[in-house]
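Student: Protein chains in written order, with the working numbering: chain A, 923 to 1265; chain B, 30 to 349.
Rather than coming from a laboratory, the hints here were simulated on the basis of the structure. In this text, all values refer to a predicted model and were calculated from it rather than measured experimentally. Among the hints, erroneous ones may be present.
No more than 27 Å apart at the CA atoms, straight line, and that leaves these computed lysine-lysine pairs for BS3-like [unchecked claim]:
{"no.": "1", "chain 1": "B", "residue 1": "K161", "chain 2": "B", "residue 2": "K95"}
{"no.": "2", "chain 1": "A", "residue 1": "K1204", "chain 2": "A", "residue 2": "K1128"}
{"no.": "3", "chain 1": "B", "residue 1": "K95", "chain 2": "A", "residue 2": "K1011"}
{"no.": "4", "chain 1": "A", "residue 1": "K1011", "chain 2": "B", "residue 2": "K158"}
{"no.": "5", "chain 1": "A", "residue 1": "K1185", "chain 2": "A", "residue 2": "K1204"}
{"no.": "6", "chain 1": "A", "residue 1": "K1011", "chain 2": "B", "residue 2": "K229"}
{"no.": "7", "chain 1": "B", "residue 1": "K95", "chain 2": "B", "residue 2": "K229"}
{"no.": "8", "chain 1": "A", "residue 1": "K1011", "chain 2": "B", "residue 2": "K315"}
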Amino acid sequence: MASQPLQSVPAEQTPAQHEQSLEDAARRDAEGQAYFDKVMADDSRIEPRDWMPPAYRKTLVRQISQHAHSEIIGMQPEANWISRAPSLKRKAILMAKVQDEAGHGLYLYSAAETLGQPRDQMMQDLMDGKAKYSSIFNYPARTWADMGAIGWMVDGAAIANQVPLCRASYGPYGRAMVRVCKEESFHQRQGFEILLELSHGTPEQKQMAQEAVNRWYAPALMMFGPPDQDSPNSQQSMAWNIKRFGNDELRARFVGMMMEQVKVLELTLPDKDIRFNEETKKWEHGPLDWDEFHEVLSGRGPCNAQRLERRREAHENGAWVREAAVAYADKQSRKQAQKEFAA
Amino acid sequence: MSTTPETAVPAEETAGHGDISVGVPGAGAEFGAGSGDAAASATRITPGNALRPEDIALAVSRGTAKPSDDAAEYALRLGDDALILAQRLGHWISRGPELEEDIALGNIALDQLGHARSFLSYAGGAYAKDGKPGKTEDDLAYFRREPEFRSVEIFEQPNGDFAVTIARQFVVSYYQYELYRRLTESTDATLAGIAAKAVKEVDYHRDHSAQWVLRLALGTDESREKMIHAFQVIWPYVDELFRDDELTARLAGTGAAVEPSSLRADFDRLTGEVLAEAELDVPQVKAAPGGGRRGLHSEHLGYLLAEMQVLAREYPGATW
């Protein structure tokens, strides 16, 4: 790729030619950097073939692949309830939702591939435990009401996080996010509807809904990431127009949104410290247990082992199928080539 | 969008995408704002005039669609077939051999579930008698016992490995295609309407399964072996699909349905073409006696129903 610095000296080059090519590369980098800086200043978009700083590329690969992994692992807690969904309509909606998540994973892996990272490699990193995914999916979906709480709170937090990403400076990412966000808004709506139905149902159903909201509240708030002062990558991502708002800003907006909607649900949020600060015009919430967040993130959450094992199992059980598909495609293209040769 | 300006995402960020409203009046959302039609069912795939299960349920409850007892029993059969298959296929979501298959099998499951909901909603209309209301799709799916289910045994066969799932899907989608194609001309307008929507979807299911039969049969030695094995496992349940009985004879007589045996020649010819291309023989296996249409099921169905019905039965009378 033209944007990559030269890695080695081709044997046929003279020292003078080599020096020349190094100079050319340096000039291309300088021109590329100038273009990149202008794109950032204009708040415009970088596309796959454009020059970009290696650290920008690396940050994007990390962020987009983590996002893709979160979609794929995030399918599991909800897939867990497809077979037991309590009505056929709910079963259909849940199936469609989990299927959307597989689709999001696909768009996002594709977006990351435009940066030169193959999907197989990203999958492998996930299964090897080298790549991270949103730590919220390491919590179990214990009851049907969790389908509501996940949709309303987890997808709600994801939307608050992701809507600004539709304007991310990297074109393929921003465009993927537009579609993801459209579907996420349906997901959040269906989650809200589940909770609404439960909270207006029998006392047992209402209790089930309240307990699910209690369980998912703090993990959902922690989805925005650590407080700004403990989030070293945020500043750089904001300078690169990938991230548009700080973690705390987005978290506060989300709390405000939930405070409005929880009233309609006739449920409560398990946080007595939530208040609207008239001076800062921002919502505030009680303390969060960041030690737990780091524990789960580092692999010691309730479902980390189960989630990864399930992904590995599906991958390994499917190996012979993928091999067959490749072998068949090869045979077909050889056949086609022979036909063309004969003609 | 949230009602308080302080917490709202700026308008330019939600324009055309990423609406964080929840579509419930009073929660700060406006119907019809943001993405799509807020009043639409999330299960509706084709906007516009596609026939949805909800439409059928409404027509049944208003009495504008009322099945004869025979048509209801027939709808129950087809609905149960599709429901049990959807339940089986749904298990693959998040377990497929690749992400594309999670989506494909999920989509097929969703189509089947849609057909099931339509057929069951229609069948439920027959229970409206002597001042009693009809049954809903959920009454029928969740509160019938195993012997009351009318699906044939192939649908409840376990997923097995991917090859077994594909073998089952191949047989079923070629059968359903031939059936629905003919039912589009049913004298029963509701059955014809459901079939007209279903046949288009099942056509894709045929394509999906036929392509996989070719890939697996002609891919590697291992995949070929598994595909051959899978057809051996599934083929004993093929005959039951094409068995006539008194009900189908009566319905064929009025033009509301067709005799299952009349689908067999086309099924054999079309599946035969794919099997020949895949260099596979039609399995020579002994047919199982079946009995699903009379409520006699294999040992597999009970477990499937136990899982499907558990939550609904834990809270009888609750709405979800």
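Student: Now look at each hint and say whether the structure bears it out.
Tutor: Taking the hints in turn, this is what the structure says about them:
For the given pair, K161(B) sits about 14 Å from K95(B) by alpha-carbon distance, which is consistent with the 27 Å threshold. Taking the CA atoms of K1204(A) and K1128(A), the gap is about 30 Å. The hint is violated against a cut of 27 Å. At most 27 Å may separate the alpha-carbon atoms for a hinted pair to count; K95(B) and K1011(A) meet this at roughly 22 Å. For the proposed pair K1011(A) and K158(B), the alpha carbon gap of about 25 Å is at most 27 Å, so the pair holds.
A threshold of 27 Å between alpha carbons decides the hint, and for K1185(A) with K1204(A) the separation of about 19 Å falls inside it, so the pair holds. Between K1011(A) and K229(B) the alpha-carbon distance is near 21 Å, which keeps this suggested pair within the 27 Å criterion. Using a Cα cut-off of 27 Å, the hinted pair K95(B) and K229(B) holds, with the two alpha carbons roughly 25 Å apart. In summary, the hint linking K1011(A) to K315(B) is not supported, as the alpha carbons are separated by about 39 Å, beyond the 27 Å threshold.
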